[in-house]
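Novice: Listed below are the residues making up each chain.
Protein chains: 4
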Amino acid sequence: MTTLAVLTSGGDAPGMNPALRALGKVCAQSGITLLGVERGYEGLLEGAFRPLVTPGEGGGAPRFDRELEGCQGWGGTFLGSARSARFREAAGRAEAAAQLAEAGVDGLVVIGGNGSLAGAAALAEEHELRVVGLPASIDNDIGCTGLSIGVDTALNTIIEACDRIADTARAHRRAFIVEVMGRECGYLAMAAAIAAGADAVLMREQGRDERAVVEAVEKTVRAGFDRGKKRVLVIKSEGVRVPCTKLVRELNARIPGDHVRATVLGHVVRGGAPSYMDRRIASRLAFQAVRAFEEGQTGTMTAWRATAEGGSKTVDPTVRLFPLAQVLEETRAVLDGTSAVMRWRLEMMERVAGVLGV
Amino acid sequence: MTTLAVLTSGGDAPGMNPALRALGKVCAQSGITLLGVERGYEGLLEGAFRPLVTPGEGGGAPRFDRELEGCQGWGGTFLGSARSARFREAAGRAEAAAQLAEAGVDGLVVIGGNGSLAGAAALAEEHELRVVGLPASIDNDIGCTGLSIGVDTALNTIIEACDRIADTARAHRRAFIVEVMGRECGYLAMAAAIAAGADAVLMREQGRDERAVVEAVEKTVRAGFDRGKKRVLVIKSEGVRVPCTKLVRELNARIPGDHVRATVLGHVVRGGAPSYMDRRIASRLAFQAVRAFEEGQTGTMTAWRATAEGGSKTVDPTVRLFPLAQVLEETRAVLDGTSAVMRWRLEMMERVAGVLGV
Amino acid sequence: MTTLAVLTSGGDAPGMNPALRALGKVCAQSGITLLGVERGYEGLLEGAFRPLVTPGEGGGAPRFDRELEGCQGWGGTFLGSARSARFREAAGRAEAAAQLAEAGVDGLVVIGGNGSLAGAAALAEEHELRVVGLPASIDNDIGCTGLSIGVDTALNTIIEACDRIADTARAHRRAFIVEVMGRECGYLAMAAAIAAGADAVLMREQGRDERAVVEAVEKTVRAGFDRGKKRVLVIKSEGVRVPCTKLVRELNARIPGDHVRATVLGHVVRGGAPSYMDRRIASRLAFQAVRAFEEGQTGTMTAWRATAEGGSKTVDPTVRLFPLAQVLEETRAVLDGTSAVMRWRLEMMERVAGVLGV
Amino acid sequence: MTTLAVLTSGGDAPGMNPALRALGKVCAQSGITLLGVERGYEGLLEGAFRPLVTPGEGGGAPRFDRELEGCQGWGGTFLGSARSARFREAAGRAEAAAQLAEAGVDGLVVIGGNGSLAGAAALAEEHELRVVGLPASIDNDIGCTGLSIGVDTALNTIIEACDRIADTARAHRRAFIVEVMGRECGYLAMAAAIAAGADAVLMREQGRDERAVVEAVEKTVRAGFDRGKKRVLVIKSEGVRVPCTKLVRELNARIPGDHVRATVLGHVVRGGAPSYMDRRIASRLAFQAVRAFEEGQTGTMTAWRATAEGGSKTVDPTVRLFPLAQVLEETRAVLDGTSAVMRWRLEMMERVAGVLGV
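Residue numbers (the working numbering), protein chains in the order written: chain A, 1 to 358; chain B, 1 to 358; chain C, 1 to 358; chain D, 1 to 358.
Derived by calculation from the structure, the hints in this document are not laboratory data.
Any given hint might turn out to be false.
Unchecked claim - Once the Cα atoms are required to be at most 20 Å apart in a straight line, the calculated PhoX-like pairs of lysine-lysine come out as:
#1 K246/C / K246/B
#2 K246/A / K219/D
#3 K230/C / K219/C
#4 K219/D / K230/D
#5 K246/D / K219/D
#6 K219/B / K246/B
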């Protein structure tokens, strides 16, 4: 009997649970046993396995873990996640491979972000084991995929928060700086700015120093109030390393009237029921991951990709496999700001965003 | 001075308001006057214009309609919509063209579904006027576009409702049939089924008669409870013409225990704050519509399209223009079930959905 | 060691889960073992017990059921519910008492509506067992309590749905009839009407026949559109036995323009995360239920009651115990329309509602 | 013709808009003209009046401001709010009274918090003008009323955020400190703690110094993880003057594993669609305010109060009038921690909360 194991790793993202559920359902249909690994690579090193799907014997119905069955609407990950220092060493990975071998596991699915996929790549390279990755990160900073699991939900949460903030901002004619996650990548900030109708975006990719940041916001706030706006909204990416409290202090010192406030959305954005899109992406990527495993692939990641393969049919984005090595290379380019794709995406969005906040 | 007019028409869709707002912002930046037409083509025939954006003179700030400024988080359409019998006649369209000419309008943007776009096409053909369409329909039944405005929000509303229904279904071990909109097209039902983890989908495209529908649901419900499921969920498209009350009656007569219930989601699904994705699509399509107008295009529709143009860059879906004639042809194919693209999309989704309800 | 059992019964209500959680936490602190009974009285008859809280021995930490710990934000009831014909007979209740005795249970907490509380009263009367009830019903039709668990969440869900419907109604200048639950009691309809700003309410308590219902709605719709309203909203209680489809047909035959639509909210209203108020009420009533049990009380219900006991302090509603017999008597009066309290409440609300839809 | 004016002042609270709408509807029915004052007392000093309701002449339909009609689901206040230094002086208030006299206003309704109500009291005392207050403050720190407008919505927003945070906390086995508003009053923190199932609450009223705060949280976090909890949640009131960043740093220095995080909810909590309860309270208080005005009352506030007046009927909280002087005295007691009522309420809640986090 074939056995697959799955773990969720790194920062949790809404959609990890539906990905687990879909994986379980596909395994059940294919007669594959699915083991869940608790707390990411850390749990793997401890052999914290837990049966998620046991195929029915003699044509009987498969047995599903109780949480797996009902989890598609839950935020977080019911398997738990963790960061593991040990797994970053080859010795740790050897230990993990031994645990997997002992449990009779033929393949491992890793659902996570950059660090987690790098771990998956190393494990696939160093050991005889089929490893498939699923991109999950609210920051959308993973290479080769148009969207990673969690981005859509996070953006819905962010714009709902921005709408709430706009309610109170309009009541008082205030300017608000809203900080969103994305330490290395401004995608979340830029996409949120378009949807929230923000007046400006601050991203690490713009390369502004503190003074330039303050000046940019000051200009935006003055222009907005000058032309009679009831609220001014600036989305700031976490990657711009000026604390919001400092920004607010400096701006209120420059602009009379004590109009400027800030809110750091923080971890609220990680939680919540996964959106339609995240559930659909998660289901689709999980489906493909089992197929990849069945085809004997290893060291690959399933990606939600808009391509034209199949000719005129591809109005829908499709799912494709990419070697993890390529994924990681593109990811590094995203993170150090040299990715042509990401630059192009941000520019394309900036053209729209730049207009919407007028 | 250039003047553009805009109307929303047909069934309203969440995202129409952000489309209007984005249109206004782009016009303001391009120095274009934007007039809003109230109540769709009906209002056009009555000359119900209302200034949405008046560019600032001598470099001054533009003036925006108060509702336009704050509407990106509102459901519905603040301009109002309506169905117009008169506009379906050439005489009515001539009258409309005269109203537009009298108001000094150089181009018209039509935000709506199939009927509305057909009207736009006829107007563009019969009169000297640049007409650009934006696809808006929660049913996703419009040709040439991967997504139309409103689909993503409607799906989020549907799966939230399905999650609520699952709460009560699990408490009582019940089977629920949830009917969603989509008279001619099963996209909404199928996409919802994937995201909600439904056990089965009923769509007009499956061509089942009443007896076959009842038998399909009966089989699904029995199989679900036999293998110990706490809830069984069936998504039914409006296009399957068996009333839910009748379905429930027949199923409870066949399956002992009075377990089956139904809910018709209806108009609740049209409303609500537009999602991130709908706001982004709406903004992007509106942006492109003004560019198309500036380039002198007419009889075209802006579409959210996943293509590979531009080589490896197109990880993001892009926006493209299609002749309205082609859009309407593809739409007819969707509606009569002969569209290869839609069949391919439904099949692709069915492969996933078929597994998720196991 | 003292042992308490708990079951949820009848129609599920949001807030049942936080009630279970609070009960578990209070038991843990008091060193009481808590057993959960699955599927209401039906599970009780089958002896379907499951440990929810096991107090720590020798000062150790108590052990909690995994679902109990995390359930305060879930809709429905993780213990399951059911209707039981057998328990309505004395023989069935004797069997239930035997099951409880065998499991070493000293007291039973019943969380449910009218039927469930009647069952609890009979059990308490016929057998040596402390029985305490908690009122849970989205209809607010239980005597002696100002609010029952689930009402506040249901009302939040209803007005959110009404707001969504208003979005689309305003877009098309339509009149909507929204049917809400409440077979015997119009509280939900009336309270929703105030909060949604409805133009009229239809309740069983008004004693209108079909013709009078149609005429009332017709008058409301005409008056609303005559004075230029963009949407007309009528809330209809399930207890008014005219099907919505029929109402819509008749009204569109009387009022030209095909303006009238209807939506039946149905089971969507039962689900969803419990609101703040329902969690607070549930926690408070559960807290009091354990105290009542510890004091040796039986055949009582804890009620959320606005009283002036304690003098000027009672700005907050407080929790009081009422004999189940009294509760059931007042409930009967609510259901047959003779309750002075309920009439007074509906009248008080009607005075406000009557004005808000003007 | 009688004329009433209304303003919203101080920090905005969800429910201000439905209060304005209800006020307008009651005025329309009573044939009273309603003027809206923009931007609170500041707008009053500038004479920024705007007609909200103009009764119909000769039995005609009243005319309503467009925003007034549709605002019951909006957060914030469409009239705008502001803080006014000038109005705090008697000279400013004389100017305001002159503006009101010039506009032919017979009475003023003030919707706001403590400062706003103090201003209203002074105005009523110093000038010939009927002034009625409506308590609106998300902090629930206003005397004589059980609930003020905005509290229920704010609590729903807070617990939804806590649920989201719990998703990610559980995924990583983390402890979260969530800071909520309430500079002078811990009500919001305490009520949120009950509903969110928090492990501990930090309020100014507890009188802890920084060291005691750190120790209390440390103890809670250690105890929670020791007994195997997946997440520890501490609600901190804004009034506890230890910055969250500092608390996190100190706690992670004391507790190994880098488990502790914090989120400051901030202004997000002020916005959002008002809940059922806030709409109902707002409608009821507005209704009563017009009645009070018609009865010639001045210097009073309408309060949502649980009393036993009317004997056994008062299962529902009722609305009562209190002299503003008494309200302000009780409010001062709340703010300096000497209010017996508030202490009793916090204690009552603490008894419940203390158990729920076990």
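Novice: State the violated hints by number, sorted upward, taking the hints as numbered earlier in the document.
Specialist: 2
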